[in-house]
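Chemist: Taken in sequence, the protein lines are chains A and B. Under the numbering used here, the first sequence is numbered contiguously, ending at residue 60. Under the numbering used here, the second sequence is numbered contiguously, ending at residue 1259.
To be clear, the hints were calculated from the coordinates, so they are not data collected in a lab. Take these hints with a grain of salt, some might be off.
[To be verified] Ranges between beta-carbon positions, derived for each pair:
#	chain 1	residue 1	chain 2	residue 2	range
1	A	T26	B	A1163	50 to 58 Å
2	A	T26	B	L1032	20 to 28 Å
3	A	T26	B	T1023	23 to 31 Å
4	A	T26	B	R1159	52 to 60 Å
5	A	T26	B	E1220	36 to 44 Å
6	B	A1057	A	T26	16 to 24 Å
Since this is a predicted model, take the numbers as computed values, not measurements. All C-beta atoms, glycine included, are put in the ideal place defined by N, C-alpha and C.
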Amino acid sequence: MTVVERREIALVDLLDRLLAGGVVITGDVTLRIADVDLVRIDLNALISSVNRNVPSPFGD
Amino acid sequence: MTGLRYVYAVCRPFGAALQSQLTGVAGDPPRLLPHGGLVAVVSHVPEADFSEEALRAHLEDLDWLAGTARAHQQVIDALTVVTTPLPLRLATVFRDDSGVRTMMEEREESFRRILDRLEGRVEWGVKMYVESGADQAAGRAEPAPKPATGRDYLRQRRRQTRASDDLWSRAEEFANRLHETLSRRADDARLHPPQNPGLSGAAGRNVLNAAYLVRRDVSEEFVEMVDRTKDDAPGIRVELTGPWAAYSFAGEEGTGEGA
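Let the hints inform the model, and build the full structure from the sequences given.
Modeler: Here you go:
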């Protein structure tokens, strides 16, 4: 195994957390991010983490 | 400035000031909106970009998404220096302050429970990769001679398959052991789906993409544990990210293994 690296935050690590983590609250303006269809970019890996089958932890 | 309210996080009140040069997702510095013993961290965003319809379009734009995600992360990072924030999902937007207050009132009990669970803790990300080419290398240790007979061919195939299977079963065992070891030092763990190499640009195949909730005072020990896995297995690479705010543990359920 090679080095354990610490460098600038990779976008993919950030999106793992920002699109799949954090408290899910339906704001009174916006859609839930899970409802967004990320069609124009290849975000298959992310879409599987932005899983629309996973209910909000608050059940709304 | 009018506009909509973008909420980054909810925290317990904290004494320190936020970095003065901090800008939010739309360039507006985040401010604190206290309500009912908790504080929401909020900035103003233009309706033109953050209305439902505009957001839907923007979120399909990787550059916009990246910029917004990084700005969001910067605010959360600054909060992590002064308190233990409960991060909200990207792009949680309200019409006005009173909308934010109503939300905080409805969620207060739940926010407090989660904040208690996260208090004094950070998230560490650990990813494990099987180096690209390692499986082919394992399958073709020596260049195979052209098989003379069908039986030779089958024997060769079996040998290659077995070597490759060995690598993957060693990798699986390594991942399980690593996850088990790190989980013992952590208060909670979550498994994210493996990352797509096309997105991450990382070499090798990502076989473990885990997040661990770790007390700050044992974080150094945790990082050393990850470092110590260094020489354990050829063909395997481990990467550490963090410390993060506890994004992956912001849900209400404090269960052991997520996802």
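Chemist: Are the hints correct? Go through all of them and say.
Modeler: We went through each hint and held it up to the structure:
Against the hinted window of 50 to 58 Å, the Cβ-Cβ separation of T26 (chain A) and A1163 (chain B) comes to about 51 Å, which satisfies the hint. For T26 (chain A) and L1032 (chain B), the Cβ-Cβ distance of about 23 Å falls inside the hinted range of 20 to 28 Å, so the restraint holds. For the pair T26 (chain A) and T1023 (chain B), the supplied restraint of 23 to 31 Å holds, since their beta-carbon distance comes to about 26 Å. Restraint check, T26 (chain A) to R1159 (chain B): a C-beta distance of roughly 56 Å satisfies the suggested window 52 to 60 Å.
A hinted range of 36 to 44 Å holds for the C-beta pair T26 (chain A) and E1220 (chain B), which are about 39 Å apart. The hint said 16 to 24 Å for the Cβ distance between A1057 (chain B) and T26 (chain A), and at roughly 19 Å that hint holds.
Hint compliance for this structure: no hint is broken.
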